[in-house]
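Heads up: the sequence lines are chains L and F, in that order.
Quick note on my numbering: the first sequence kicks off at 304 and runs consecutively.
Quick note on my numbering: the second sequence kicks off at 304 and runs consecutively.
A portion of the hints provided could be inaccurate.
Identical copies go unnamed one by one, so any copy, or any two together, can satisfy a pair.
Said to hold, decoys possible - Below, computed lysine to any residue pairings styled on SDA-like, alpha-carbon distance capped at 25 Å:
no., residue 1, residue 2
1, Lys617, Gly531
2, Lys450, Ala650
3, Lys450, Thr636
4, Lys450, Gly476
5, Lys617, Ala552
6, Lys617, Pro550
7, Lys450, Ser593
8, Lys617, Asn553
9, Lys450, Arg326
10, Lys617, Val594
11, Lys450, Leu498
Simulated from the structure, these hints should not be mistaken for laboratory data.
There are 2 protein chains.
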Amino acid sequence: MNTAPHSLPPQAIELMPHVNGARYLRMQRGLAGFGARTDGGVSREALTSVENEARRWLMELVHGAQYSWRVDAAGNLFLRRAGRDNALPPVMTGSHIDTQPVGGWLDGAYGVIAGLETMLALDDAGVQTRYPLEVAMWNNEEGSRFKPGAMGSSAFADPSRLDEYLRSTDADGTTVQQALRSAFSAMQAAEMVPLGRPVTAYVEAHIEQGPVLEAANHTIGVVTGIQGVRWFEVVVTGSSAHAGTTPFANRQDALLSAARLVVAVHSCAEQYADERLRVTMGRFEVAAGSVNTVADNVLFTIDLRHPESEVLEKFEADIRRIVESNGSPCPATVTRVMDRAPTPFDARVIDIVEAAARHSGVPFQRMGSGAFHDAMYLADLCPTAMVFVPSIGGISHNAAEDTEEEHLVSGVKVLAAALMALAM
Amino acid sequence: MNTAPHSLPPQAIELMPHVNGARYLRMQRGLAGFGARTDGGVSREALTSVENEARRWLMELVHGAQYSWRVDAAGNLFLRRAGRDNALPPVMTGSHIDTQPVGGWLDGAYGVIAGLETMLALDDAGVQTRYPLEVAMWNNEEGSRFKPGAMGSSAFADPSRLDEYLRSTDADGTTVQQALRSAFSAMQAAEMVPLGRPVTAYVEAHIEQGPVLEAANHTIGVVTGIQGVRWFEVVVTGSSAHAGTTPFANRQDALLSAARLVVAVHSCAEQYADERLRVTMGRFEVAAGSVNTVADNVLFTIDLRHPESEVLEKFEADIRRIVESNGSPCPATVTRVMDRAPTPFDARVIDIVEAAARHSGVPFQRMGSGAFHDAMYLADLCPTAMVFVPSIGGISHNAAEDTEEEHLVSGVKVLAAALMALAM
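The following block holds chain L by itself, in its conformation from the complex (with noise of 0.2 Å):
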């Protein structure tokens, strides 16, 4: 952590040129080879036995002296290449290698290659760093399989988490410490090492998983910091009426007041005319539901995310204010279901991605994030940024899923400079 804002040392220039583009590319379809599917998608869900062996690959894939593969009790993964002082706690990177049921081969698997390929960069380079570094691949980011999302990097940054994510059960009923078992076993050449260990800072390389550096032309977004979310559920009551003899005055549709309501909740968004708001209704289930009958109770959800504190709660009182104001003939009642906080990451390290962005040469943009990363438990811990790189028609979580290798390779230029800065 000897940068000063803004500049990049001259050593971490000189670390661009030897990151390796084809061998990064290789690396990274290798992975994408475990769990591959006949339509380009990966399917590669946390704990499964693709996945196990695709632990099991990266273990060999890289070794050295100054290598050691750690994992911890709630199923972490690291690679560690030893600095000069390895007292001190670690410069970090990483992401995760599980996917979506249906996933694309980019991903978190993007941000782990990345990391592998800075190791190895710094091999060429015939560098020593003086922290020691280490690529994390968190267990179990998508949460699909067993939930929560984040088990993992949650899991290190407060381990008193990890009981009750040992409890959690996939649709088998297979629990999490059940599925670990095998885990472990794949993974019996790396050492244990304990939870909640300290971090010097934490830099993750990601796809965006969003349309915002395409549409921009930039090839690198410097992450400021994940936004907050909040989810509501309104309840829309009407009477349930018949279509042919109820005429209009005497109808409480809950359709129609609900509809009514999401024009309403999506204009108040756009006249915030805040690019970093977002607001979507993506359910919307109407009783009876049937073509002749007026429906008499409609459930929408609201999705809003921004990365202020305020301005969602500015929103959210617009959202009650608009909800109640309903009244007859349907009334509607607003519920918040989920509050996740934003999580602001440290200005310092991001400076030091935007430097790195600089250098690199390509076109880069701040940006928030729109999805959650485990970049948002590691902020919790220590120093955080991370580094975006496109996504092709901002598609992600799908077989589609796809970023040009050009881009990829620059995203992990960015990724091994900010790193070699702060682990000097």
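For this one, chain L is given, so just place chain F on it according to the hints.
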């Protein structure tokens, strides 16, 4: 058919005091015992054993030298009261005794018992009409167990429909043909008569199943016709996207777009300022329907009703204009999936019903029927009209369905007078 418009012959007026309200109510409540539920509702679907028991009970209820019971190949049951000239086609009344899976105690059962009480009132008055009179119990009006609804009356109006109907199956795979066997066995005392006999005139009494009469404080609705119905399916196509990562400008939000269409179609309907126009969006189905995903597909339905074909035509054009101008970013398509033309009733029979209502001394109004009835098919065959009585709260197809006793009795008197005027 000897009656001039706007007048009622003295014999018809004189019949009304012979309607016995207490006897009528006993019969109405007796029929409600077949399939009675503890919540006050009735479960008596078509051709079930409980409906067969009700048929048998009705056949034992009314008998005498002037009466004969008849059945046809579509399962319609008739009580015939001899006239002075039995070669003439009958003047007919009736309705249906089947219910929705959970129905109310009145619905079609009202028109059947009102018809039986008319016969008994004629007996008490010592009247023999010129035309034979028949009370029809049309088979399977509801269409909940076997599709389509109004099966018996539509086969009566056009016997070529019967072959297809006999092959219709319920949820257990039982065909109408199979279910009719036990019904015929329950009705073996009835004589089999052909389908498609000529009918002199048809008047059906029914509860309104809507709120119009109650709101107007009118006891009798003189029904001038059954409105036409068109059903549409609207499909709105967007694109799935992450609620957290996708700015508004990059979204193709099918849910928001469909909600706007629902509001637009309703606003268009309101601009007609036509109390007879009924427009209902009752289904609204969202894919993916996930709280944190922008929806990529919505299907919603439009139920459009009006007594005039020209208005149906004009509003359909409005729907097409609104939906098809939706365009970018969420194109929408509209498909008409059902089209039933308006059924105007016969002016002379309407006049007779109105004259009977005037002479009954209770407040009345002319009105259209918002719902389908067996009378819709009888109108294809002979001069037809209907008599409505109020529904408390406009509620029907529900255990809470009810009508004030005095209103029920008033309706029987109007029906009796109208039938007398037509049959004398």
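Are the CA atoms of Lys617 and Asn553 at most 25 Å apart within a copy, between copies, both, or neither? Intra 36 Å, inter 24 Å, cutoff 25 Å: inter-copy only.
Tell me, please, which holds for Lys450 and Ser593 at an alpha-carbon limit of 25 Å: within, between, both or neither? between (34 Å within a copy, 16 Å between copies)
Is it within, between, both, or neither for Lys450 and Leu498, if the alpha carbons may be no more than 25 Å apart? within (19 Å within a copy, 64 Å between copies)
Within, between, both or neither: Lys617, Pro550 at alpha-carbon 25 Å: Close across copies (19 Å), not inside one copy (39 Å); limit 25 Å.
Within a copy, between copies, both or neither: where do Lys450 and Arg326 come within 25 Å Cα-Cα? The answer is neither: 35 Å in one copy and 66 Å across copies each exceed 25 Å.
Please sort Lys617 with Gly531 into within, between, both or neither, judging by C-alpha distance up to 25 Å. within (13 Å within a copy, 49 Å between copies)
Within a copy, between copies, both or neither: which one fits Lys617 and Ala552 at a CA-CA cutoff of 25 Å? between (35 Å within a copy, 22 Å between copies)
Have a look at Lys450 and Gly476 and pick one of within, between, both or neither, based on CA distance no larger than 25 Å. within (12 Å within a copy, 42 Å between copies)
Up to 25 Å between alpha-carbons, please classify Lys450 paired with Thr636: within, between, both or neither. Intra 28 Å, inter 39 Å, cutoff 25 Å: neither.
Intra/inter-copy verdict for Lys617 and Val594 if alpha-carbon distance must be at most 25 Å: For Lys617 and Val594, only the inter-copy Cα distance (21 Å) is at most 25 Å; the intra-copy one is 38 Å.
Reference check for the pair Lys450 and Ala650, CA-CA at most 25 Å: within, between, both, or neither? neither (31 Å within a copy, 68 Å between copies)
Violation of the numbered hints given earlier is confined to hints 2, 3 and 9; the remaining hints are satisfied by the structure.
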